[in-house]
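Chains as they are written, first to last, in full-length UniProt numbering: chain A, 1 to 504; chain B, 1 to 336.
Hints listed in this document are in silico derivations from the structure and should not be mistaken for laboratory results. Wrong hints could be hidden among the right ones.
Claimed, not checked - Part of the chain B face toward chain A, derived, beta carbon under 8 Å:
#, residue
1, A29
2, G158
3, T197
4, R201
5, Y204
6, G207
7, D209
8, S211
9, A212
10, T276
Please read these numbers as outputs of a predicted model, since none were measured by experiment. Each residue gets a CB set at the ideal place from its N, CA and C atoms; glycine is no exception.
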Amino acid sequence: MVDNVIAVRGVSKAFAGVQALDTISLEIAPGEIHCLAGENGSGKSTLIKVISGVHAADEGTIELNGKEFSKLTPMEAISNGVQVIYQDFSVFPNLTVMENLALTAELAEHRTFVNWRRMRRIATEAIAKINVKIDLDAKVGQLSVAQKQLVAIARALMSNARLIIMDEPTTALTKREVDALFGIILDLKSRGIATLFVSHKLEEVFEISERFTIIRNGKHVITCLPEELDHKKFSFFMTGREFDDARFTPQIRATQPILETSRLSAHGAFSDVSLSLRPGEILGITGLLGSGRTELALALFGSLKSDSGEIRIDGKAVVLDSVRTAISHGIGYVPEDRLTEGLFLERSIGSNIVISEIDSFVSSLGVLEQDKADAEAQRWITDLRIATPDAQNAVSTLSGGNQQRIVLAKWLATKPRVLILNGPTVGVDIGSKHDIHRVLRELAAEGLAVIVISDDIPEVIQNCNRVLVMNAGRIVSELDPTQTSELELAALMSKDVQTLEGIS
Amino acid sequence: MRALPQKLVRSNEFYLFLVIVVLAIVIQARSGQFFTANNLVDIANAMVVPGIFAVGAFMVLVSGGIDVSFPALASLAVYATTRILVDAGYEGDLWLPFLIVMAIGAVLGSLNGWFASRFAVPVLIITLGTASVFSGIMQGALGSVQIPNIPPAMSEFGRATLFVATNPDSGLTSNMPMSFLLLVGVVVAAFVMLRYTTFGRGIYALGGDESAASRAGFNVRRMKFWLYVIVGVIASIAGLVRTSMMDQMHPTNLLGMELMVIAAVVLGGTAITGGTGTLTGAMLGTLLIVIVQNSMILVGVPTFWQGFALGVLIIVGTGISALQLTRARKRKTALI
Chain A
1 MVDNVIAVRG
11 VSKAFAGVQA
21 LDTISLEIAP
31 GEIHCLAGEN
41 GSGKSTLIKV
51 ISGVHAADEG
61 TIELNGKEFS
71 KLTPMEAISN
81 GVQVIYQDFS
91 VFPNLTVMEN
101 LALTAELAEH
111 RTFVNWRRMR
121 RIATEAIAKI
131 NVKIDLDAKV
141 GQLSVAQKQL
151 VAIARALMSN
161 ARLIIMDEPT
171 TALTKREVDA
181 LFGIILDLKS
191 RGIATLFVSH
201 KLEEVFEISE
211 RFTIIRNGKH
221 VITCLPEELD
231 HKKFSFFMTG
241 REFDDARFTP
251 QIRATQPILE
261 TSRLSAHGAF
271 SDVSLSLRPG
281 EILGITGLLG
291 SGRTELALAL
301 FGSLKSDSGE
311 IRIDGKAVVL
321 DSVRTAISHG
331 IGYVPEDRLT
341 EGLFLERSIG
351 SNIVISEIDS
361 FVSSLGVLEQ
371 DKADAEAQRW
381 ITDLRIATPD
391 AQNAVSTLSG
401 GNQQRIVLAK
411 WLATKPRVLI
421 LNGPTVGVDI
431 GSKHDIHRVL
441 RELAAEGLAV
451 IVISDDIPEV
461 IQNCNRVLVM
471 NAGRIVSELD
481 PTQTSELELA
491 ALMSKDVQTL
501 EGIS
Chain B
1 MRALPQKLVR
11 SNEFYLFLVI
21 VVLAIVIQAR
31 SGQFFTANNL
41 VDIANAMVVP
51 GIFAVGAFMV
61 LVSGGIDVSF
71 PALASLAVYA
81 TTRILVDAGY
91 EGDLWLPFLI
101 VMAIGAVLGS
111 LNGWFASRFA
121 VPVLIITLGT
131 ASVFSGIMQG
141 ALGSVQIPNI
151 PPAMSEFGRA
161 TLFVATNPDS
171 GLTSNMPMSF
181 LLLVGVVVAA
191 FVMLRYTTFG
201 RGIYALGGDE
211 SAASRAGFNV
221 RRMKFWLYVI
231 VGVIASIAGL
241 VRTSMMDQMH
251 PTNLLGMELM
261 VIAAVVLGGT
271 AITGGTGTLT
281 GAMLGTLLIV
291 IVQNSMILVG
301 VPTFWQGFAL
311 GVLIIVGTGI
321 SALQLTRARK
331 RKTALI
């Protein structure tokens, strides 16, 4: 087939003995929107780097415009119309939009002197190509993520691109921004420019992708049409594991709620929130960005002051005026992204687990009692079934899912009775996501009260026994997930409710 | 495009300028001596050497590095030049001393450049090392001693004046040195390079995001190398000017200036993290520090308070920009 934009044939690549890519093949037709999916470490990034000429393949060839390359250079890739938009966009935050757009062109023409008037003209043309409005004199560092992405796309289009590779393009975008991005991609398609999406999330690319290629451990798993995929198959192809999608059923022992709020309000954030939580429950709180879900969590953790209403713990009214008070009442809060950050990757598993309570292993002389700390770490490793032969190994030797367990262990080591997790699986790949969910269920079964704040609809439906929907600062609905479909929940989240006073 | 006055008010240089004006008025009110012809010329005179150094330090800072070797580099380059010429009994024109010192400056700078472009070690560490090497070569291998008689061309250049300013009250006179033109020349050349060449814009790009710069097609290695060569040349010019103006080669005279110069550039709004800053700001920062050093005597402040005042200036100056940065970040996170 000569009419492919790109044809990757049997490409292999190894780094220091590790086979990152194993005879991968991939073809993309002009104007096609193709999704490359795989878990972290599956070889997606390596494949992109081979296609863009950053890494030379050990074996196999890449055909661009009917020309075959065995050792592709970055310049050859670019001159044959391959452009990569990296996750960090590779923009210069300290320069203006105009310079960000025009510098590459000036460089490509090997100019010694820059001409600011010519640069403005080039930049204006580049922005016009994607039909958006951006202030050319604004510093790129001050733009929103979506605008930075537009700058990166506009820059990629300047050099007569025929294939645009986007690395996780929708991760940091709001729904509306994603729609705008898809609009641009469809526009590119109508001009015959192909797009290769790289992603590990089905939801974000399913509606636009025309074909999927899934790789796992450097090997090609399947190339198929979207009709042939659903969530379950997608997860299976990516991880090679079957996941039971059984829903969570709580084992509630106590009837007495451990945490209650009544008519809790914080000006400009949320109002009139009444909820109750019993040990053994997993309560989901969902809502769009800006619905007040995060603020509510912060109020329950004492880091945002509420104006009126009451918080009761074990039936007694308490004032959570600081994080310290909240912790002393047994409330633990895992902030957004903290499941992926917050680890000292090069330090041992044991010291990572005990770091947050290291003070309790210090003798009266101020010396760390290493054996006590080791025993505590070992206890968590056993409890959370962290797969490691030795607690002294560095965290970086663990798989992603096991790393997540260590973060959880770290928070659980502070012995909370209520654990609030904000976006527990944001940016986590499917396998690890399932692992985290399983741990949460196990913790609930042991009597912990869990609140999961998330806008990941399948996540809350599958893992919570009750779901509160927030919209414009209020709880608009309480649902039983067994009786609710994903579509219904989505509709409730985004329904136009009269805006709460004080929320703009 | 934003309106010019608004842009001006938001700029760091504007506030720095205000600080200088206020300081000048205070000194004037206390001593009546600030706005006198000879004091202003004295300040201009004192600005020449730190000003030229500041241009080099500024370029390195913008590219994302910190160079602390330039005084040692300049000392070695000028010492070697003077030694060679004095030993040869050179009596000719000024072009030869300049040519030799710039050539040596380029070679020494290329050493910095070679390390900076080859190894992923912070430039600060590299230049700490090369600074010791340079002064070691000068003091050890070349056995540096004071050279009282410098070649006549340099001596003449050091004495050459543009005009003489006289204080009508006290009758004191001050000479506006010819070398001030050299400062102007270096600043203009650097300005043109930074603003109108791809190399210059590349230095900004490099300071903004190095990996983005190489993905955009800049040859980052080559750029770094040549940047340090240029900075070496600029530093060696400053060294030659200082030696000419002192009319003798004093090997350790320049050493220790690096922190004052870097402070001046940072005070002028150049981000220590690289990527942002203007030459105007760097020059205003230098001016401020020179005024503090020169004029505190006028208001009767003992000289040992100079260090204190400089320290306060640096903390306040960098503190304000750090504050602005955290505020901008907060505004961003508040939206999430």
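We went through each hint and held it up to the structure:
About 39 Å separates the beta-carbon of A29(B) from the nearest beta-carbon of chain A, more than 8 Å, and the hint is not met. Restraint check, G158(B) versus chain A: the minimum CB separation of about 35 Å is more than 8 Å; hint violated. Taking 8 Å as the C-beta cut-off, the interface hint given for T197(B) holds, the closest approach to chain A being about 5 Å. At a threshold of 8 Å, the smallest CB-CB gap from R201(B) to chain A is about 6 Å, leaving the interface hint in force.
For Y204(B), the suggested interface contact is upheld, since its CB lies about 6 Å from the closest CB of chain A, less than 8 Å. The interface hint given for G207(B) holds, since its Cβ lies 7 Å from the closest Cβ of chain A, which is under the 8 Å cut-off. Checking D209(B) against chain A by beta carbon gives a least distance of about 6 Å; that is within 8 Å, so the hint holds. Checking S211(B) against chain A: minimum C-beta separation of about 7 Å stays under 8 Å; hint holds.
With its C-beta approaching chain A no nearer than about 4 Å, A212(B) sits inside the 8 Å limit, and its interface hint holds. Hint on T276(B) holds. Least Cβ distance to chain A is approximately 5 Å, under the 8 Å limit.
Of the numbered hints listed earlier, those contradicted by the structure are 1, 2.
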